[in-house]
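J.: Going down the list, the protein sequences come from chains U and W. The first sequence begins at 1 in the numbering used here and counts up by one. The second sequence begins at 234 in the numbering used here and counts up by one.
Rather than coming from a laboratory, the hints here were simulated on the basis of the structure. Ideal placement from N, C-alpha and C gives every residue a C-beta, glycine not left out. Don't take every hint at face value.
Said to hold, decoys possible - Okay, derived cross-link-like pairs now, DSS-like style, lysine-lysine, Cα gap no bigger than 30 Å in a straight line: (1) Lys18/U - Lys114/U; (2) Lys182/U - Lys18/U; (3) Lys259/W - Lys78/U; (4) Lys129/U - Lys29/U; (5) Lys78/U - Lys502/W; (6) Lys258/W - Lys514/W; (7) Lys647/W - Lys115/U; (8) Lys18/U - Lys694/W; (9) Lys139/U - Lys502/W; (10) Lys129/U - Lys139/U; (11) Lys258/W - Lys78/U; (12) Lys648/W - Lys693/W.
Stated by the list, open to error - Computed far set for chain W versus chain U, every beta-carbon distance over 12 Å: (13) Gln294; (14) Gln358; (15) Thr399; (16) Gln402; (17) Ile439; (18) Val472; (19) Arg503; (20) Val511; (21) Leu518; (22) Val578; (23) Val585; (24) Trp597.
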Amino acid sequence: MRKLLEVSNLNVAINDTKLLNNISFTLDKGSVIALVGHNGAGKSTLMKTIMGIQDKTNGEITIDGEFNLDTSFLDYKKNIAFIPEEPLLMSELTAMQHFQLYGKSYQMEEMELKKRIGKYVEGFELQGKLNEYPESLSKGMRQKVQTICAMLPDVPLLLIDEPFMGLDIYAVDYFEEILKEKIASGTSILLTTHQLKRVKNIADQFIMLQEGKILHKGQISEFETIKRRSEDL
Amino acid sequence: MSRSSSWYAYWLIRSNRFRKKRMIKKQLAQISFDKTTILYSLIVGGYVFASIFIFNDFMRQFQDEFIFIEQQMEERFWLILTIVPIRYVFKSFRNPGVLITSSEYQLGMLPHSIKSIAYFVVIEQWMKQLLLYLIIGTLIILITPIDAVLIWIYFLLFWMIEVFMTIPQWKLFQASFFVKVSIFMSIIILDIVGTLLQQTKVISIIILAIVMITNIILSKKLFSRVHWGRVTEINDFLVWNMPLISKATKTKFRRERKYNIFQNRASRKRPFAYTDVVIHKRLWLQHFRENIELIIQVSGGLFLAIVILTFVNDVIVLIGIAISIHVYTSFVASIFTNRFHTGIVQVLPWDVESFRNTIKSWAWIGFVPIMIPIVIYSIVHFTWWSIGFLFLILILFIINLMVKMENAAALLDKKLGQLTIKEIMAFFGLVLIVLCEYQPYFSLVSIGIFIFVLIQQKDKKREAR
């Protein structure tokens, strides 16, 4: 399988505190890695570093072998869509305006954008909320808006920080369905989760982080054994 | 719930906030300094203080200036009295003046009255301010030869205005933008009229009387129509925004802005016309609103600096203009870069070129306040060369902006900016402004720079194709 994301010898530190310590892994095209670990293990920091929001101390991050975070950052960014744990919506934009901002940023055609907005808005049951500002929406609805934003473009890499956080049971099922569609069309996904049961049907591999280091990694089917072994120690 | 238990709850929040801030500052001090550095810094600081204020009798050298200040304080007492309340009206645009954060507000959801909590907050603020004025007043009396009675009168006056403007500022903060602007403009017009008619005493008495009457009327409706969301949003930011800590830890406490004066307009809710220009316009407006204080400070500061320098001498004002162009263009580039590191934009792909094009018109608008005194200066010193001089200013503004935006774009792409010929030309071109004082022919260089800029633009368009 072709490698899509390559992270090698990644280190992140703020002053003397090491947040990520020598992280290396690869994510294949069309596959899914679940990042697991306790709170503060470094999952979100890793996501932010891959996004380019958090500065790294050293190491290399490359997408599709040619887009390097350090040497071609603007092109590199075009290959990623990110869903943060907490919605990052702007108070000044309505839900629809957020979708348009995403569409324009990923250079989507207006017709295609409208078609996708229609599809996802119906799936997430957000009809009638398109012209509302984020403050007028419930937390779950805001999360749905943020999720739709990232689902709109066709990008090779999706980064999802806690995918099902704040979504109701129907939305979770629908989101899972979309993710499977995306994976089938070749999108790779790196996600963080505390609910491994939920992503077991989607993820192929896991990476367990502890205090900024990779503790274990492997096939998702091996996870239970490793978890039990870790608990026994 | 009794007042004493409300006071206890309030005090618990205040003391814990104080402890938390102290702990953060302590951590900052620990990562920034070690004991040896602190010891050496104290010795150097002590030496500097002693050499300036004790051994050198530094203050005696400024005797004349102090006498001048004292005279101004006596002569312009009534004028200053009319100006001080304007500060609170101006502050009411962004600051409610009563520091009720979300923590204090949550006490109101427990069995405590938010009114009692608000009174505690206000009384604490007044007491702290009084103490601060006492310390500053004492220091000024000790260090300077200005009459002590005059200083105490002024500080007492400042404190009383602080007290009497608390309610007006609080209520004005809740009022609409247009009410604030109207009141702000009315006081300024009153002040200008008073100064022109040399009736500042009458005007200050009128303003004070209005303030007193407003206090009496508004005191009955202190807690009606209060926009608690906005109050707590801005106060949370004021309490927890610690610039030094943010710089040291490379993390920024951002104001969680949820309220926007334009949000209720139906036209703002309509979907965008699907173009970069329209979408970016809203993003820029939002970004400018977030940084409005800074923008006003920089543009206003440069405007004032040029105005004041025109009264000094011609060379100084030309140096001031050159520095203003450098500062303003650097500021635009910094605001531009910052747009990409805030909010949702940071997680999106960036069409930097398109953002650059859409900020251009705003950069020109911001340059207008700086151009106004320059144009007036040129008219006052009018010769036919003034036209060339103004052309030179505009061309230097364009090339400096172009160069700094190119660097900003390179930095956004994580590329290291290289010192280009264009950059050197742009920076040293500013020297031409000063040289125009000695030889107006220097303004002709602007034609050469103009042609250079045109060629650059043409090349860029060709590259884009």
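J.: Look at each hint and say if it fits the structure.
T.: Here is what the structure says about each hint:
no.: 1; hint: Lys18/U - Lys114/U; result: 44 Å, violated
no.: 2; hint: Lys182/U - Lys18/U; result: 34 Å, violated
no.: 3; hint: Lys259/W - Lys78/U; result: 42 Å, violated
no.: 4; hint: Lys129/U - Lys29/U; result: 35 Å, violated
no.: 5; hint: Lys78/U - Lys502/W; result: 28 Å, holds
no.: 6; hint: Lys258/W - Lys514/W; result: 39 Å, violated
no.: 7; hint: Lys647/W - Lys115/U; result: 35 Å, violated
no.: 8; hint: Lys18/U - Lys694/W; result: 45 Å, violated
no.: 9; hint: Lys139/U - Lys502/W; result: 20 Å, holds
no.: 10; hint: Lys129/U - Lys139/U; result: 13 Å, holds
no.: 11; hint: Lys258/W - Lys78/U; result: 40 Å, violated
no.: 12; hint: Lys648/W - Lys693/W; result: 19 Å, holds
no.: 13; hint: Gln294; result: 43 Å, holds
no.: 14; hint: Gln358; result: 28 Å, holds
no.: 15; hint: Thr399; result: 28 Å, holds
no.: 16; hint: Gln402; result: 24 Å, holds
no.: 17; hint: Ile439; result: 40 Å, holds
no.: 18; hint: Val472; result: 21 Å, holds
no.: 19; hint: Arg503; result: 7 Å, violated
no.: 20; hint: Val511; result: 9 Å, violated
no.: 21; hint: Leu518; result: 8 Å, violated
no.: 22; hint: Val578; result: 8 Å, violated
no.: 23; hint: Val585; result: 6 Å, violated
no.: 24; hint: Trp597; result: 23 Å, holds
Hints 1, 2, 3, 4, 6, 7, 8, 11, 19, 20, 21, 22, 23, counting from the list given before, are not met by this structure.
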